[in-house]
Amino acid sequence: MADDKKTEEARKATSDGTQDTVQNGEMTTEEIEDRLGTEELDDFAETELPLSETETETETETETETETETETETETETADQNADHSVHVPVIQERIVEKRGGFGAALLGGFVAALLGFVAGKGQFLDSFLPPSLRDTPVNLEPLETAQAAQASELARLQSSVAEIDIPDLDPVLARIDVLEAAVNDQSTQQDMGDANAEIEERLRSLSEKVAELESRPLTASLSEDVVAGFEAELERVRNSLTEQQAEVERMVADAQDMERVSAEAARIASAQSVVARLRSALDAGNPFSGLLDELARLQVAVPEELKTVADTGVVTLSGLQDQFPPAARSALAASREETKDTGGLIDFVHRHLGARSVVPREGDDPDAILSRAGAAVDEGHIAAALQELTSLPEAGQAAVSEWQMAAKTRLDAEAATAALSQSLNAN
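In terms of our numbering, the sequence shown is residues 784 to 1211.
Simulated from the structure, these hints should not be mistaken for lab results.
Where is the CB? At the ideal position from N, CA and C, for every residue including glycine.
Please note that the accuracy of each hint is not assured.
Each pair of labels, with its calculated beta carbon distance range [said to hold, decoys possible]:
id, residue 1, residue 2, range
1, E1178, R1044, 54 to 60 Å
2, Q1029, P1071, 54 to 60 Å
3, E1163, M1035, 44 to 50 Å
4, K1091, E1048, 22 to 28 Å
5, A1210, D1148, 16 to 22 Å
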């Protein structure tokens, strides 16, 4: 900027000097034109140099001051020889604009984030202003939770039932099955033996026909007695051989038939034992088993009457008997104490009114001691021992516990019948 001022002052001084000289009439017209041309070139050269320096300063100021805009203007005027024409230098204007993020964009982003946070936190409040199709519909999980709890209870019950099932010993059944498989494998051998027997019978038939043919031939008179005797001896030998072979064939056929019969019987017994094993599982689970008895009948197995009477309903499980015993025992104890109330002492009077019952087995012949021992036997799964203890109760006590006794006895009879049926099959 300082150089521009100096150039402008020099130009003005020159113009003033030229005008003074012209006015004074001391210079000719040619001299004036030459001088003006020379001054014009000098002024233009002097003006171009500051212009480059100004651009350099502009670039330097742009690097150090990022928020300013620099404008450089350079004007050069030159008077012509007639002072009526002037040479104009085009104005060079350079503008550098640096783009940077303003405060408005940050403010707008913060407003959008705040709006999204409000929508996320007040979703239920905004639901009332939204159309029904865009509202957040609540889900009632109570039916699902109820169904899940019911399934969990049913699963626990099934697990308890499965745990109570006493898996029978299947080793005898597996052994029978192995025997049956061996018998089936022997059937191919029996088939080969049958083919061999047929071939032998065919050969015997052919020999018999030849012998009959020889016997029918008349002996010629020319044959000697020795030849005839030798022929008859050979014929007798052939007959004996045929008889022996026929006996051997009959023996082989009988053996094959016996083996086939044994194989069929083994298969029947193995199938029956498998049904009995399933029958024992049904008894343990308390399920009906009439279909299993029908299978045994088809296998020609006699079914005990103790099983037929409970086939449609099943028997009470061991856990069922254990659960039913405590209330039955309390009823039996109350009935027994009521029957013997006139003979008891003060302690019996207190127990009768309190309804207390011993849960630990103890010695004695009173109803409480008897029921305590019976209860311990039931807890251990010894149903037969518990029934034996209950026979010592007074008549009133036995009447109160009679229903439980009947259920327990039915189960024991069914188990005994199943065990006897299995033993009879193993004996065969």
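Structure-based check of each hint:
1. E1178 - R1044: 54 to 60 Å: Once the Cβ atoms are compared, 58 Å apart, the range 54 to 60 Å for R1044 and E1178 holds.
2. Q1029 - P1071: 54 to 60 Å: Since Q1029 and P1071 have Cβ atoms about 57 Å apart, the given range 54 to 60 Å holds.
3. E1163 - M1035: 44 to 50 Å: 59 Å, violated
4. K1091 - E1048: 22 to 28 Å: 25 Å, holds
5. A1210 - D1148: 16 to 22 Å: Once the Cβ atoms are compared, 43 Å apart, the range 16 to 22 Å for D1148 and A1210 is violated.
Consistency with the previously given hints fails for numbers 3 and 5, ordered from lowest to highest.
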